[in-house]
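Chains A and B, in that order, are what the protein sequence lines are. Mapping of the first sequence onto my numbering: position 557 corresponds to residue 544, and the numbering continues sequentially without gaps. Just so we're on the same page, my numbering is the position in the second sequence counted from 1, plus 29.
Since the hints were derived computationally from the structure, they do not count as laboratory data. Worth double-checking, as some hints may not be accurate.
Derived DMTMM-like pairs: lysine to aspartate or glutamate, alpha-carbon spacing no greater than 20 Å straight-line [stated by the list, open to error]: (1) A:K624 to B:E149; (2) B:K141 to B:D92; (3) A:K433 to A:D400; (4) B:K173 to A:E687; (5) A:K142 to A:E209; (6) A:K182 to A:D165; (7) A:K624 to B:D148; (8) B:K173 to A:E685; (9) A:K577 to A:E591; (10) A:K231 to B:D148; (11) A:K231 to B:E108.
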Amino acid sequence: MGIVGTVTRRTFLIGTAAIAGGVAFGTYLVKRPIENPLLADLKDGEAAITPYIKIDASGITLITPRADKGQGAYSIQARLIAEELDFDPATAVITPGMPGPAYYNSAVLEEGVPFPAYDDSAIAETARQFMSVPAKLMSMQMTGGSSTVPDGHHKMRMAGAVARETLKEAAAQQVGVDRSQLTTEDGHVVLPDGKRIAYTELATTAASIEPITDVQLRPSSEWKHLGKPTQRLDMPAKCTGTEKYGIDLVVDGMVHAAVRANPGVGAGVKSFDASSAEAMRGVQKVIAIKNGVAVIADNTWRAWRAADAIDITWEQGPYPENTDAIFAEIEKVIDQDEFRDHRNRNDGDVDTALTAGDVFEATYKVPYLAHAPMEPMNALVRVTDTECEIWTGTQIPLFVRDHAAAMTGLDKDQVLVYVQPMGGSFGHKLEDTHVLQAVEIAIAMKGTPVKMVWSREEDMTHDYPRPGSIAKGRGTVSNGQVETFDLSVGQSSLMADWFGRLTGLAIPGPDATITTGSWDQPFAIPNYRVTGYRAPTMVPVSSWRSVGASGNGFFHDCLLDELIHKAGADPLAERIRLCMHEDSRKVLEKVGEISGWDGPSMGENRGRGVAFCLSFGVPTAIVTEVTNTEAGITIDKVYTVVDVGEVLDPTNLEAQVFGGVVFGMAHAMNCETTYENYAAQQNNYHAYEGMRLYQTPEFETVALTNAKKIRGIGEPSVPPAAPSLANAIFAATGKRIREMPLNKHIDFV
Amino acid sequence: MQIDVNGKAFEVEVEPEMPLLWVLRDELGITGPKYGCGIAQCGACTVHVDGFVVRSCQLAVRDLGNRKVTTIEGLGSPEALHAVQAAWIEHQVAQCGYCQSGQIMQAASFLKTNPNPSDEQIDAVMSSNLCRCGTYPRIRSAVKAAAKKLQEG
């Protein structure tokens, strides 16, 4: 085995390969079954198996190709394999392995199709399946879009099952019994007489036989690892300071690098004077890099201090110079046909409905937002004449590899990317500008490993933020019901920016993320229209936890709440009445039940708000309770209900849900990234505080499993968090806030 | 100069104004304390100096004198957990985990001086440490559980 030509079935590509002293189980790169010129230049080595499981005499290694940025990806991938392989994953080595195209992610692009997630018609499903093809072609071993579980829950269990049955077959041949008489437990094959043979002892035999691929996955009723409260495998390391993040790595002979790049992101350097920096202790070199200057020193602090001592004159930034000018450009495109990007929702006759009677109108606004993960961007790179090694936390390892190959002039297989655990990302590590800076410095320091670490200030002023956005809403009500809902959203295209940076290509067609979270909501409103207008590229923007829905969740639900109020209806009851998707309706009903909903008012200065958003296929409803105190608003309790189809890890699901709510509300309360003289003004946490523990509400979370498809939960609780808070503040104070951050208009305790 | 970290003496030859954080991380290879902000806003770099919490990004190494530094590595290990670390694991607090060394050091010192804290005191003290993943609800329950455990001995 191990020859790609033996693969005949596209749908099932797991096989085995012999490795030194053992066996690997994994997927073959899709080469033969899909003839495609983009894959034709693959080398023989790349056509070999790309493993999920390696077993040799020293033990079991699990390869978990989706990166862990804090969401628990390594743990869940390991448990998916262990569920079928019958062993304790805590005893295995868990590594993301070397990036490879066979680790393509078929789920991440699914939500880009022009069908809402609640549409499971044949045509929508066909379109979703087709999306896995471009993912393969783009070698997209990407982590993002809440896709690790939807992508991996079948194929990683399958890898475990194939490995188990093949190990059993190896044992069967060794002892001369039929495989059906054998069972497995705790890393061993169990013989009919109760004798146990360790997997590690069977590895070489297993590598020499045809893999058993005719396997059945166990029903969830028989699960031992999945579906029950569990402990994350990385928890002990993370609670004892022993987890090594990219920023913690040390290799022999390593030097430290600091960079100062133009705060007008993308613009260059006019001139710089590094004479005083060069004379500082520990400084080895100052070099000009693309858009900035780098200092090489023997210590991070010395490199940073020297970088601060360089006198740099910047080129003018490549976009409008301040926030007002940027938002003026966004404002200009709304409702202008020439800038219309898409109109994926257009039910009834909105234009006619808006000509008559009392039309409600409101404008909503969300700011640019930095990702600001706790671990600042960093990368450790060593470049030689024959190799480029990169150690970094990244969600896009193959793009990193390809970009570094182009920069160094090396072949792709001479670039080795060692993916590290990440101290957060929230989408920032879907970008690799910082990694390529480190590669550029390492090329100048050929042979010497260079660890480049951004200061917090460099990190927050060179982010590709969530796009700022403006939405104009209009609507009508009649007989106590919402009759017309019309939303026009204007913003720059984050997909065009991001895809352009990664591939150098323009995205074909519209950018659905401009209205994702608005156009695709499961409501039946008689006249219902959502239109996206594309503002020019200005500040370069990117994906921020929950992507398009991060702003649209606020726009859509706040407008809906205002129209319901105008209709005189109950906020929850009217959402339930309008909801035409059963799984979503049950989520709304459940949140009403657990929160004891009896209307928005909770007495003097107290109130509750409900919000709903369907994102990443997960219907999510939140009820938030607040009190208006003399010192400001307190957020008292948050009830969240989601439907993920199947719960694999209830402990981590709860953490992702309340973590997402904290993330959504933290930024809604007090965060924005504004620009002055082309530079982001909020350069550290003092100006971008988010939520602190004393402001944190109590949480109650319920996960329903009515949905047909399994879904990921890293993002869906973010979009409805902010509108539930804004709607609750209205209930408690009578004040409608249509602009984030909310603290521009009201104080929080 | 000589500094005492986790019960060991180290000889370091650095500028007196170098922050303790960078002495620990880059000179001694002790990477449990994390860099998050450099301006005492996030608490990721929290260590104990003679048992008191200190933001190591703000303490110039010259001001350390002969006081003893304890980092998360000196608090407990995966094999011999401190009660706060055990509570953190039991309550599955960490997500990305980057801030948690600082959170745990903050909580351990706090419970030493205030073994029976009220909810308000927990909220107030632990609010000086930032978490971007939003692990706060579990930090709250883990601190309470650790307090209980420490009192029971």
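Evaluated hints:
1. A distance of roughly 16 Å separates the Cα atoms of A:K624 and B:E149; the hinted pair therefore holds under the 20 Å criterion.
2. At most 20 Å may separate the alpha-carbon atoms for a hinted pair to count; B:K141 and B:D92 exceed this at roughly 24 Å.
3. Between A:K433 and A:D400 the alpha-carbon distance is near 19 Å, which keeps this suggested pair within the 20 Å criterion.
4. Distance hint between B:K173 and A:E687 is fulfilled; the C-alpha atoms sit about 18 Å from each other, no more than 20 Å.
5. Under the criterion of a C-alpha separation no larger than 20 Å, the hint pairing A:K142 with A:E209 is consistent with the structure, at around 18 Å.
6. Annotation: proposed proximity of A:K182 to A:D165 holds, straight-line Cα distance about 15 Å (limit 20 Å).
7. With a CA separation close to 16 Å, the supplied pair A:K624 and B:D148 stays within the 20 Å bound.
8. In summary, the hint linking B:K173 to A:E685 is supported, as the alpha carbons are separated by about 15 Å, within the 20 Å threshold.
9. Distance restraint check for A:K577 and A:E591: the Cα-Cα separation of roughly 26 Å exceeds the 20 Å cut-off, and the hinted pair is therefore not satisfied.
10. At most 20 Å may separate the alpha-carbon atoms for a hinted pair to count; A:K231 and B:D148 exceed this at roughly 33 Å.
11. For a cut-off of 20 Å, the pair hint linking A:K231 to B:E108 stands: about 17 Å separates their Cα positions.
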